[in-house]
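Participant: Going down the list, the sequences are from chains W and U.
Under the working numbering, think of the first position of the first sequence as 1, with each following residue one higher.
Under the working numbering, think of the first position of the second sequence as 1, with each following residue one higher.
Since the hints were derived computationally from the structure, they do not count as laboratory data.
These figures come from a predicted structure and were not determined experimentally.
Hints are not guaranteed to be accurate.
[What the hints assert, rightly or not] EDC-like cross-link-like pairs, simulated, lysine to aspartate or glutamate; straight-line CA separation at most 20 angstroms:
hint, chain 1, residue 1, chain 2, residue 2
1, U, Lys102, U, Asp362
2, U, Lys56, W, Glu275
3, W, Lys253, U, Glu225
4, W, Lys175, W, Glu186
5, W, Lys176, W, Glu275
6, U, Lys215, W, Glu153
7, W, Lys160, U, Glu67
8, U, Lys252, U, Glu400
9, W, Lys176, W, Glu37
10, U, Lys215, U, Glu400
11, W, Lys91, W, Glu236
12, W, Lys172, W, Glu236
13, U, Lys102, W, Glu275
14, W, Lys172, W, Glu275
15, W, Lys253, U, Asp216
16, W, Lys124, W, Asp169
17, W, Lys94, W, Glu236
18, W, Lys245, U, Glu400
19, U, Lys28, U, Glu260
20, U, Lys56, W, Asp81
21, W, Lys122, W, Asp173
22, U, Lys183, U, Glu407
23, U, Lys215, W, Glu275
24, W, Lys124, W, Glu60
25, W, Lys160, W, Asp173
26, U, Lys215, W, Asp81
27, W, Lys78, U, Asp362
28, W, Lys160, W, Asp148
29, W, Lys122, W, Asp148
30, W, Lys78, U, Glu225
31, W, Lys175, W, Glu37
32, U, Lys56, W, Glu60
33, W, Lys245, U, Asp216
34, W, Lys124, W, Glu236
35, W, Lys78, U, Glu67
36, W, Lys253, W, Glu108
37, U, Lys102, U, Glu260
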Amino acid sequence: MSINRRDFIKTIGIAGVTLTVGKELLAAPKKEEKEIEFFGVLYDSTRCVGCQTCETVCAETHGLPPPVGELKPGVVRKTDDQHRTVVNCYKTSKGEVFVKKQCMHCNEPACAAACLTQAMHKTKEGPIIWRGNKCMGCRYCMVSCPFDIPKFEYHSANPKIQKCDMCYDRQKDGKKPACVENCPAEALVFGTRRELIKEARKRIQENPDQYVDYIYGEHEAGGTGFLYLSPVPFNELGFNTSLQKTSYPELSKGFLYSVPSIFVLWPALLLGMHEATKNNNHNTEENE
Amino acid sequence: MNNIENSIAKDSGSISTWKFFLSELKPKGKWLTPFNIISIPIMLLGLALIVIRFWKGLGSITNLTQEVPWGLWIGFDVVTGVAFAGGAYVLTFMVYILNMNKYHSIVRVVVLNGFLAYVFYAGALLLDLGRPWNVINPIIGNNFGTSSVLFLVAWHFLLYMIAQLIEFSPAIAEWLGAKRARKILSGMTIAAVIFGITLSTLHQSGLGALYMMAKDKIHPLWYSEFIPVMFFVSSIFAGLSMVIFEGTISYKVFFNQVSENNHNAHNRIIHGLAKICAGAMFAYFSLHVLIFIHGRHWNLLNTGMGYWYILEMIGFVLVPMMLYFYSYRKNNIFLIKLAAIITMLGVILNRLNVTVIGFRWDSAIRYVPSWMEIVVTLAVICTEIWVFRWVVNRMPVLRESPSWVKEEK
Chain W
1 MSINRRDFIK TIGIAGVTLT VGKELLAAPK KEEKEIEFFG VLYDSTRCVG CQTCETVCAE
61 THGLPPPVGE LKPGVVRKTD DQHRTVVNCY KTSKGEVFVK KQCMHCNEPA CAAACLTQAM
121 HKTKEGPIIW RGNKCMGCRY CMVSCPFDIP KFEYHSANPK IQKCDMCYDR QKDGKKPACV
181 ENCPAEALVF GTRRELIKEA RKRIQENPDQ YVDYIYGEHE AGGTGFLYLS PVPFNELGFN
241 TSLQKTSYPE LSKGFLYSVP SIFVLWPALL LGMHEATKNN NHNTEENE
Chain U
1 MNNIENSIAK DSGSISTWKF FLSELKPKGK WLTPFNIISI PIMLLGLALI VIRFWKGLGS
61 ITNLTQEVPW GLWIGFDVVT GVAFAGGAYV LTFMVYILNM NKYHSIVRVV VLNGFLAYVF
121 YAGALLLDLG RPWNVINPII GNNFGTSSVL FLVAWHFLLY MIAQLIEFSP AIAEWLGAKR
181 ARKILSGMTI AAVIFGITLS TLHQSGLGAL YMMAKDKIHP LWYSEFIPVM FFVSSIFAGL
241 SMVIFEGTIS YKVFFNQVSE NNHNAHNRII HGLAKICAGA MFAYFSLHVL IFIHGRHWNL
301 LNTGMGYWYI LEMIGFVLVP MMLYFYSYRK NNIFLIKLAA IITMLGVILN RLNVTVIGFR
361 WDSAIRYVPS WMEIVVTLAV ICTEIWVFRW VVNRMPVLRE SPSWVKEEK
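Could you build all of it, start to finish, from the sequences and the hints given here?
Facilitator: The following block contains the structure:
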């Protein structure tokens, strides 16, 4: 007897585990992928002059209609299915401040975790892109996004999800996003997230009177690709400052992790109960 | 009627089976019943609206907004409809797992109801999809979004429909007179039941887990990390209340099909279900109280939404729970049925509060479903009832199985 029953079962178990998770374990430490850092954009609202060039070039780049609505202090315009980015003007304790709004490109995006077809996809370079050939239009990404970014074309028979993709196609050609490249005030900086945070810290440190000591997006929703600097507290600029600092997919993790255990435990339990109560048959025959 | 079917079916042979099937497609009985007169225009109008919806886009007939992308069709048709379909897994659990034979006579009709509910209400999901031609992506191919709760729910819907079809299939075999098939299919019942209950546990709670990431969008009185648990627990009494409600109607409408024995047993069944509902609701209410205290939202109670929350908790959970307890004690069937109706309204209220009313409760433009969304919803419900009636009139669902089934035993 070189192999007894227990050893045999153990071997089978190990083999099974290796078969199911082995692929991921092997795939995880791929070297080249680790070296790529997420790219992002730093937006400095103290530099923005509200010229709306970013809105115009964004529309041109993606074949969308030109910006609508007047940029007025106190009027909050929203991104929609035809406008991937908008600039708004807020009246604050330090005067009028402009804020650009678009997809935040979260590190661990809720939209991509919500997508059941991987149509919303966090690329390894950082931008979150939407892939029409996979999307089934369920709009669960819109339900999940804490920033309300994905927009749906409600009046189309072939509707698309519109959102900023950080000009992923331009990035692949080695170019910067259109808004960054064309910003005349240099309010936008493109780079790796690490560099951008360093740069943002430097600006705060060099001009502590000009900025509040906070980088919006460094920790919000687990960290975002777009980072914001502001002269006033961020709640004055229409930002949701009570967003959780951990990632949103974390919220449904607990449920998803319980699925395999229920799948294993329930059938066993149910079968046991079925066997245990089999004899009840004889007692209640009169109902048949 | 039984005899005719059997004699035709017994002829076997593919041609006569086909003829038999065609003849069964034709309607039986009177055409101009009140239900038909009401439902036919609704279904036709609904169909026209669905055509417009696929032609001009979702915005043409729905009031959905960029902030509220899921409206009545998801919140009511899918989320509430599936909760009501929960009766099937609870009852199969009682009958096949716990061997509570008292309830055996209503298993088939409940499973049929559950199956059709899934087909139609999960089917209603297709109407809501912007790009329905990609609906197979999460099922086949390499586009598995495994981190998505919706992925899990979609798969479970599909698998559970198959499990329910297997649970129901002996009735189809009896209808077609397929003896051998019936034997094989009956043998699969217990496996299908166990699989089905496991799936139901996960996707009833999964429907709640769908909203976990919408943390900042759902009113804090309704959002908690326990939504999945609450959805699961409430699906037990939601489903059973539906069984009481729907069973009462079915036994009246299809009076002639139900044997005297089963008619007499029905009140005892309802009585037994009332106790289970009361117990489940007690657990549900207690959990809600715990979650509320844990959430420390006392300050929110004295707001409009707070009153709404209190109304739901007291008026549509506590009151029907007490009513269930009381009517069970007094063995008052009428009050049990009343409790079932209030409970069902409460479940509708709860599901809509999470998915529609409390969702983006603070947004400037509130979503209110358009009349067209409501008509399409009604059309889906009517169509389901039509199919249900078609099946009940033909297959041994409420009536006894054909005599050859017992002979074989």
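Participant: Are the hints correct? Go through all of them and say.
Facilitator: Here is what the structure says about each hint:
1. Between lysine 102/U and aspartate 362/U the alpha-carbon distance is near 49 angstroms, which puts this suggested pair outside the 20 angstroms criterion.
2. At roughly 56 angstroms between alpha-carbon atoms, lysine 56/U and glutamate 275/W are farther apart than 20 angstroms, so this suggested pair is violated.
3. Among the hinted pairs, lysine 253/W with glutamate 225/U is consistent with the structure: their alpha-carbon atoms are about 11 angstroms apart, no more than 20 angstroms.
4. With a CA separation close to 16 angstroms, the supplied pair lysine 175/W and glutamate 186/W stays within the 20 angstroms bound.
5. Under the criterion of a C-alpha separation no larger than 20 angstroms, the hint pairing lysine 176/W with glutamate 275/W is inconsistent with the structure, at around 66 angstroms.
6. Between the alpha carbons of lysine 215/U and glutamate 153/W the distance comes to roughly 24 angstroms, so the proposed pair goes past 20 angstroms and is violated.
7. Using a Cα cut-off of 20 angstroms, the hinted pair lysine 160/W and glutamate 67/U holds, with the two alpha carbons roughly 16 angstroms apart.
8. Simply put, lysine 252/U and glutamate 400/U have alpha-carbon atoms about 17 angstroms apart, close enough for the 20 angstroms limit, and the pair holds.
9. Between the alpha carbons of lysine 176/W and glutamate 37/W the distance comes to roughly 15 angstroms, so the proposed pair stays at or under 20 angstroms and holds.
10. At most 20 angstroms may separate the alpha-carbon atoms for a hinted pair to count; lysine 215/U and glutamate 400/U exceed this at roughly 50 angstroms.
11. Our distance criterion of 20 angstroms between C-alpha atoms is met by lysine 91/W and glutamate 236/W, whose separation comes to about 8 angstroms.
12. Distance hint between lysine 172/W and glutamate 236/W is unfulfilled; the C-alpha atoms sit about 36 angstroms from each other, more than 20 angstroms.
13. Between lysine 102/U and glutamate 275/W the CA atoms are separated by roughly 18 angstroms; this keeps the pair inside 20 angstroms, and the hint holds.
14. Annotation: proposed proximity of lysine 172/W to glutamate 275/W is violated, straight-line Cα distance about 61 angstroms (limit 20 angstroms).
15. Under the criterion of a C-alpha separation no larger than 20 angstroms, the hint pairing lysine 253/W with aspartate 216/U is consistent with the structure, at around 17 angstroms.
16. Between lysine 124/W and aspartate 169/W the CA atoms are separated by roughly 14 angstroms; this keeps the pair inside 20 angstroms, and the hint holds.
17. Between lysine 94/W and glutamate 236/W, the direct Cα distance comes to roughly 10 angstroms. Compliance with the 20 angstroms bound is thereby established for this hinted pair.
18. Note on lysine 245/W and glutamate 400/U: the hinted pairing is violated, with a Cα-Cα distance of about 61 angstroms set against a maximum of 20 angstroms.
19. With a C-alpha separation of about 23 angstroms, the suggested pair lysine 28/U and glutamate 260/U falls outside the 20 angstroms cut-off, and the hint is violated.
20. Distance hint between lysine 56/U and aspartate 81/W is fulfilled; the C-alpha atoms sit about 16 angstroms from each other, no more than 20 angstroms.
21. Pair hint lysine 122/W plus aspartate 173/W holds up; C-alpha atoms about 18 angstroms apart against a cutoff of 20 angstroms.
22. Restraint check for lysine 183/U and glutamate 407/U: satisfied, since their Cα atoms lie roughly 13 angstroms apart, inside the 20 angstroms limit.
23. Simply put, lysine 215/U and glutamate 275/W have alpha-carbon atoms about 42 angstroms apart, too far for the 20 angstroms limit, and the pair is violated.
24. Of the pairs offered as hints, the one joining lysine 124/W and glutamate 60/W is violated, with about 26 angstroms between alpha carbons and a cut-off of 20 angstroms exceeded.
25. For the suggested pair lysine 160/W and aspartate 173/W, the alpha carbons sit about 24 angstroms apart, so the restraint of at most 20 angstroms is broken.
26. Distance check on the hinted pair: lysine 215/U and aspartate 81/W sit about 24 angstroms apart at the alpha-carbon level, beyond 20 angstroms; violated.
27. For the given pair, lysine 78/W sits about 16 angstroms from aspartate 362/U by alpha-carbon distance, which is consistent with the 20 angstroms threshold.
28. In summary, the hint linking lysine 160/W to aspartate 148/W is supported, as the alpha carbons are separated by about 16 angstroms, within the 20 angstroms threshold.
29. Distance check on the hinted pair: lysine 122/W and aspartate 148/W sit about 17 angstroms apart at the alpha-carbon level, within 20 angstroms; holds.
30. Distance check on the hinted pair: lysine 78/W and glutamate 225/U sit about 30 angstroms apart at the alpha-carbon level, beyond 20 angstroms; violated.
31. For the suggested pair lysine 175/W and glutamate 37/W, the alpha carbons sit about 16 angstroms apart, so the restraint of at most 20 angstroms is met.
32. Our distance criterion of 20 angstroms between C-alpha atoms is broken by lysine 56/U and glutamate 60/W, whose separation comes to about 26 angstroms.
33. For the proposed pair lysine 245/W and aspartate 216/U, the alpha carbon gap of about 13 angstroms is at most 20 angstroms, so the pair holds.
34. Among the hinted pairs, lysine 124/W with glutamate 236/W is inconsistent with the structure: their alpha-carbon atoms are about 33 angstroms apart, more than 20 angstroms.
35. For a cut-off of 20 angstroms, the pair hint linking lysine 78/W to glutamate 67/U stands: about 11 angstroms separates their Cα positions.
36. A hinted pair counts as satisfied when its Cα atoms are at most 20 angstroms apart, and lysine 253/W with glutamate 108/W qualifies at roughly 12 angstroms.
37. For the given pair, lysine 102/U sits about 15 angstroms from glutamate 260/U by alpha-carbon distance, which is consistent with the 20 angstroms threshold.
Hints 1, 2, 5, 6, 10, 12, 14, 18, 19, 23, 24, 25, 26, 30, 32, 34, counting from the list given before, are not met by this structure.
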